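Chain order of the listed sequences is X and C. Quick note: the first sequence uses my numbering, first residue 1233, plus one each step. Quick note: the second sequence uses my numbering, first residue 466, plus one each step.
Don't read these hints as lab results, they were simulated from the structure. Here the structure is a predicted model, which is why all the values come from computation and not from measurement. Virtual Cβ for every residue (Gly too), placed ideally from N, Cα, C. You can trust all of the hints, since none of them are fake.
Simulated DEER-style distance windows between Cβ atoms: (1) Arg1315/X / Leu754/C: 44 to 52 angstroms; (2) Gly750/C / Gln1483/X: 53 to 61 angstroms; (3) Ala755/C / Gly1272/X: 54 to 62 angstroms; (4) Ser1480/X / Val637/C: 54 to 62 angstroms; (5) Gly551/C / Ser1325/X: 23 to 31 angstroms; (6) Phe759/C / Arg1486/X: 54 to 62 angstroms; (7) Arg639/C / Ala1408/X: 29 to 37 angstroms; (8) Val1482/X / Leu664/C: 48 to 56 angstroms; (9) Val553/C / Pro1260/X: 22 to 30 angstroms; (10) Gly705/C / Arg1455/X: 46 to 54 angstroms.
Here are a few chain X residues that sit away from chain C, every Cβ distance over 12 angstroms (derived from the structure): (11) Gly1239; (12) Ser1300; (13) Ala1365; (14) Asp1447; (15) Tyr1475; (16) Arg1478; (17) Thr1488.
Here's a subset of chain X near chain C, in silico, CB distances under 7 angstroms, partners left out: (18) Val1326; (19) Trp1348; (20) Gln1376.
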Amino acid sequence: MPDSRLGKEVIASPLAIQGLTVSYDHRPVVHSVDFVTPPGSMSAIIGPNGAGKSTLLKAALGITRRLSGEVRVFGRPLVQETRHLAFVPQRSSVDWDFPARVIDVVGMGLYRDLRWWQFGSRQLRQRAMESLARVGMEGFADRQIGQLSGGQQQRVFLARALIQEADLTILDEPFAGVDAATEAAIIQVLKSLRDEGRTLLCVHHDLATVRDYFDHVLLMNVRRIAAGSVDEAFTEENLQATYGGRLSPVQLARLTESPSGRRQEEERRW
Amino acid sequence: MNEFMMFSLVPLTIAIIISMTCALLGNFLVLRRQSLIGDAISHVALPGIVVSFLITGTLASLAMMLGAGVAALVTVALIELVRRLGRVEGTAAMGVVFTSLFAVGVLLLEWHGASGVHLDVEHALYGNLESLIWFDGVSLASLFDPQALADLPPQLGRAAWVGLVVVAFVVVMRRPLVLASFDPDFAASMRTRPALVDLMLVTLVAVAAIAAFEAVGSIIVIAMFICPAAAARLMTNRLGVQIVWSQVFALLAAVGGYLLAGEAPRWLGFDTSLSAAGMIASLAGLILLAACLFGPCRARTGAAHQD
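So here's chain X without its partners, still in its complex pose (with noise of 0.2 angstroms):
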């Protein structure tokens, strides 16, 4: 049962995060982190290199171990309820040459369903095929992984997660290395799952893409720096103490335009 002392807010969050801390060697990498995802949102986490957004997520996930903090899925915590969430690691983190097929990559998706007496059955084989379908892999099913581009294990690795059903999608720097053309399949698919109602939070570098693409943002620097609605958050202010001052005023004055007076700037342009 839910904590009745617990607000709303966090009883509707697919995850919320309260005063997480994780450190390595006496150092802290994330101190004191509060974020509480809202439902149905696509949310951005955004900080410079070694701000501790990858460790966020895989602290939030229990892959890394927590100093303090509390992880809570839907007001519950987080061990009894991991099945609400799958994660989509950096595409940098395994070893491509792994000897498996695309569809065996994606089955792994499925992995604790299965009891060791169980094979594989058809139905599941047409499950992985529905997922590489979504991401516009379904001819590449038994090709062995080596063999892909960049940007199309990135699809597997977004069809692994598909496969899930999961009610948050957690993604470590999907875009990261994909060509646009990729990048812009990929958030097309990101857009469909909102759709249904469910959440995403992505560790996203792309400054310039944070208000085409998201709805929140967690701006974090080893601290939380600022949370709330891209507009509410994602403010000049904020992103200079977020990256310590070392944005420009020009790159500054462009990111937090609203999209509407970019587009007005523009057709002055021309």
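Fit chain C to the supplied structure of chain X, relying on the hints for placement.
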């Protein structure tokens, strides 16, 4: 035939079981790029056994197994310690730890060898496969004679048990094992306990190394773990098929190596025989070499390439 039953049946069977068991686990060591851990663990079996002898004063197999097992766990802990404290790469830490412990084992062995107890260096290094004679194995009928069977060398039973446990582990845990080998972070997010799976794999590698130690000695075990599996990886891009190939190669190395060690010198006109363990390991190496030259899946894409 009778000669074969008495002198060759048991060593050959043990060689086959151990070779195939080690190769089965070796598949996962190769995929995790942890080939060296098998080497490390099989080397520290020596100091483990010597220390257990110094403490208990017996060469009973249970005491030896325990000693080697404890040594394996100490090694894994020490490797982790050196890696963290010294901030060096995992393989470097492994190399430092197991060579030092092995050296300590050799010194201890020589020191108490001087005190007149029998536990000789040669057997520890090369094994004593040929000495596993089945005195009651006089004919085919002995296979059905309970009295004769009771006289089988105990190493055979131990090897069989270890083989069964390893096969059961790989069959039951195949999905968590694959997941933990390919993508440990994802495995942790699914709660399939990759850290526990890692520990079980290392423990079984230690158990298999100890069983192998009795038969083939500590130096050659690494070839048993790695060569068949590494050669199998070059034959296919599918894990299931790779495991089958590794078992075929392991069987080939064990049977071929054992027979060659006994027969090859005679063909060349010498009236001696070579070490079976040495020949098995050499043959495993030759199989790997052949796979490197002719295997169909030699092309490596390496790291993920960019679009």
